[in-house]
Amino acid sequence: MQLMNPKNIRGALTIATCSLLGLNSAVADEENWEIDSAVLYYSETDRVTAIEPVINLKRNFDDEKALNLKLVFDLLTGASATGATPSDQVQTFTRPSGNGSYTTSSGETPLDDTFKDTRAALSAQWEQPLGRDYKTSVGSNVSKEYDYFSLGINGSLSRYFNQRNTTLTAGLSYANDTIEPEGDIPLELASMAINTGQARFEEEFNATRRGGDESKTTADLLLGVTQVIDRQTLMQLNYSFGQSDGYLTDPFKILSVVGNDGRAVDYVYESRPDSRTKHSLYWQTKHHFNQDIVDLSYRYMWDDWDITSHTFDLRYRWKLGHKHYLEPHFRYYMQSNADFYQRFLLDGQPLPEHASADYRLGELTGITLGLKYGMTLPNDHDLSLRLEYYQQSGEANANNAPGILSQQELFPDVDAVIVQFSYSF
Amino acid sequence: MTHKLLYIVLPTTLLIGGCANLGVQPWERDLLAKPEMQLIADPIEAALDDHIYFSKEASSGGRGFGGGGCGCN
Amino acid sequence: MFIRKKGGRRAPPIHKPPSLKKAEGYYIGRFQAMACPCELLMAVEKKSLAKSLLTLAANEAWRIEQKFSRYVDDNLIYRINHSNGKPIKVEEEFVQLLNFAQQCYELSDGLFDITSGVLRYAWTFDGSDRIPEPAPVEALLPYVGWDKVTWQPPYFILPKGMEIDLGGIGKEYAVDRTLLLLQEKCQAAMVVNFGGDIHASGDRTWSIGIENPANLDSPIKILKIHQGALATSGDARRFLIKDGKRYGHVLNPKTGWPISNAQRSVTVAAGTCTEAGILATFALLQGEKAEEFLKNQDVQYWIE
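Residue numbers (this note's numbering), protein chains in the order written: chain A, 3 to 427; chain B, 899 to 971; chain C, 65 to 368.
Looking at chain A on its own, in the form it has when it is part of the complex (with noise of 0.2 Å):
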């Protein structure tokens, strides 16, 4: 046995063995580690751009224990559009934070780019079997970014039936987070105080603004159900409850206000509510031909918003021979929006309660197409390569859009490019 690496006997035999009696090979070594790594690279065409690197580190100890730390690093840079509607004119914005202005150009959809932030997150998960028939998860997650801050925790509940052919999960988590933007939260629906080099510019900002931070709740529940169907086939159901509470506003998106003439005479500062309770029914099913894996699955997800949405995603790995794979990907994803959405607001009604034009709440479709590939290289090691695309088209209407706003491209689309590289050892 001198042509093969000796410590890769020992591996490869554990792994054969488990394979022959069906258990799930937690492939011991004497380092007990696996480090798996991986760089995110997400480019809008003329957008955002993001670059986000993650390492995880899982420790498996005796008894199916492990735990699992995760640190994700946020680099954004780019733009994004505030919800202002485009026009035939220059407009000029004050920044989020009060200090200068911007200016967009006649036909262009607004943007803000004062957008550059990075965020580092951690999370600790811990898992391991109560006696035969259960297993339980806890974690906790802590984020942060220069005006942001998150701490959550999370806890699960797996119980074992039929010989562990069908699971039933019950989870919990919740999330507290706070936001303290600079510029302080503006006050929902104040017009926008535009510096056109008055002495009283200052002042007539801080009038815009209603202190300092805020924060907000989130706390879910999910109930699944995960069976096994037959030898190749595994499906999985799953019932989520969301709820969220406190300042659920972007305070960096605005609406314009518009004349008869379609440009607009002010802008205000979005409200949304203060609380959001979300439903969704998942789906998904796995199953193993001869070689191949194809992996498919559907969302429905409803709230009191009045959004819903459709997610419906299709991964097929194609597998190369032993070592190698290549993994096209669909994903198409459709949501109405909400019900205080608006592209815009007419001059001359009365404010509503709640708006926003952030177009993330309006009707929109989002296509995503990709391809991954993976190998196993000689030392034991994964790697993998995807390159996706993604493209979002609104969906709304604007037949009652006034004056030159009908010329205007009130709904453009955003695509995206996603790459991927990542490695495991």
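What the hints contain is simulated information worked out from the structure, not anything from laboratory work.
Among the hints, a few may not be true.
[To be verified] Estimated spans, in silico, between C-beta atoms of each pair:
1) C/I286 <-> A/Y136: 32 to 38 Å
2) A/Y318 <-> C/G273: 53 to 59 Å
3) A/N178 <-> C/N360: 50 to 56 Å
4) A/T47 <-> C/N360: 51 to 57 Å
[Claimed, not checked] Restricting the straight-line Cα-Cα distance to at most 20 Å, the calculated cross-link-like pairs of lysine to aspartate or glutamate (EDC-like) are:
5) A/K146 <-> B/E926
6) C/K212 <-> C/E170
7) A/K374 <-> B/E943
8) A/K374 <-> A/D417
9) A/K137 <-> C/D267
10) A/K325 <-> C/E170
11) A/K321 <-> A/D294
[Claimed, not checked] Some, not all, of what chain A presents toward chain B, calculated at C-beta under 10 Å:
12) L283
13) K288
14) S424
Cβ coordinates follow ideal geometry from the N, Cα and C atoms, glycine included.
Put chains B and C on the given structure of chain A with help from the hints.
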């Protein structure tokens, strides 16, 4: 909304009840034990994607917890 | 493991019912299977539970024995060995075992080969000095070699004249299967011990007596086992001696002759009995390099 819940509870109960007959013997778990047959085969990729879509769309989650809140939505 | 006889077949083994005894804090169940004394230690309090676990264990051991035995004349092994080169469709458990046998064949560079059983027609290891002539051994070599079979799960084609024998992994596999079955019913600490191939689970340390195979009259060694498995491969009882040279019964399938300088007995500890057994067998196949091999695998071992 309550009747929507019923649409979930009823089929799920039937599913669990009917599930007593489905499944495999312990020695038939060879394929299911493979890492690529786990429901979330690549947790890092799943978390990164969840983060992207959470920032760009109005829906999130559905399949489990992990960590991380952020200031993006 | 399976006592071999040339020509003729025994009837399938009929076993006495298992016996149950109570000891201090646990029960001991005993029965015969796979030509060795089998023992089940269970740290349970209720006799009825011990009895049902013992019945479960004995039935599983006998089920595997029936399935793998060369002496049962209508099981899958028999049909494969008499298939005359025609394809046989094998069922689930066999698919797993044949896949496993193939992996072991590849990992051992062909030294571990379940088609090597036919060599018993040339060799009888009865402690005598009757070494076969080279010719009968040579004549059997064309019928040995996993590379000659066609394995496309679930179809298996064994060329005419060849035989497969799962005896090399049967007992250890039975130990693991039995324990897995018992663990589904009961979380108590248990030890399954089939003739020295052992797998213990649960939260308890057991003291088990192991006889020294090289010196059957010497006192029994006491082994303390907590969790994990132990398997022994060896040829203390079956060998030939001629002109002072000892011929162990572990044969090299490529030459048809015993592995030179094979160790008498190798015992290995691992997570499962199957894995321990294969490692012990692999070690034996290394001849004098057995110790070096085991050191490289970073496992606990004992060599006699």
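Each hint tested on the structure:
no. : hint                          : verdict
1   : C/I286 <-> A/Y136: 32 to 38 Å : holds (36 Å)
2   : A/Y318 <-> C/G273: 53 to 59 Å : holds (56 Å)
3   : A/N178 <-> C/N360: 50 to 56 Å : holds (53 Å)
4   : A/T47 <-> C/N360: 51 to 57 Å  : holds (55 Å)
5   : A/K146 <-> B/E926             : violated (46 Å)
6   : C/K212 <-> C/E170             : holds (14 Å)
7   : A/K374 <-> B/E943             : holds (11 Å)
8   : A/K374 <-> A/D417             : holds (19 Å)
9   : A/K137 <-> C/D267             : holds (18 Å)
10  : A/K325 <-> C/E170             : holds (17 Å)
11  : A/K321 <-> A/D294             : holds (6 Å)
12  : L283                          : holds (6 Å)
13  : K288                          : holds (6 Å)
14  : S424                          : holds (6 Å)
When each numbered hint is compared with the structure, a violation occurs for hint 5 only.
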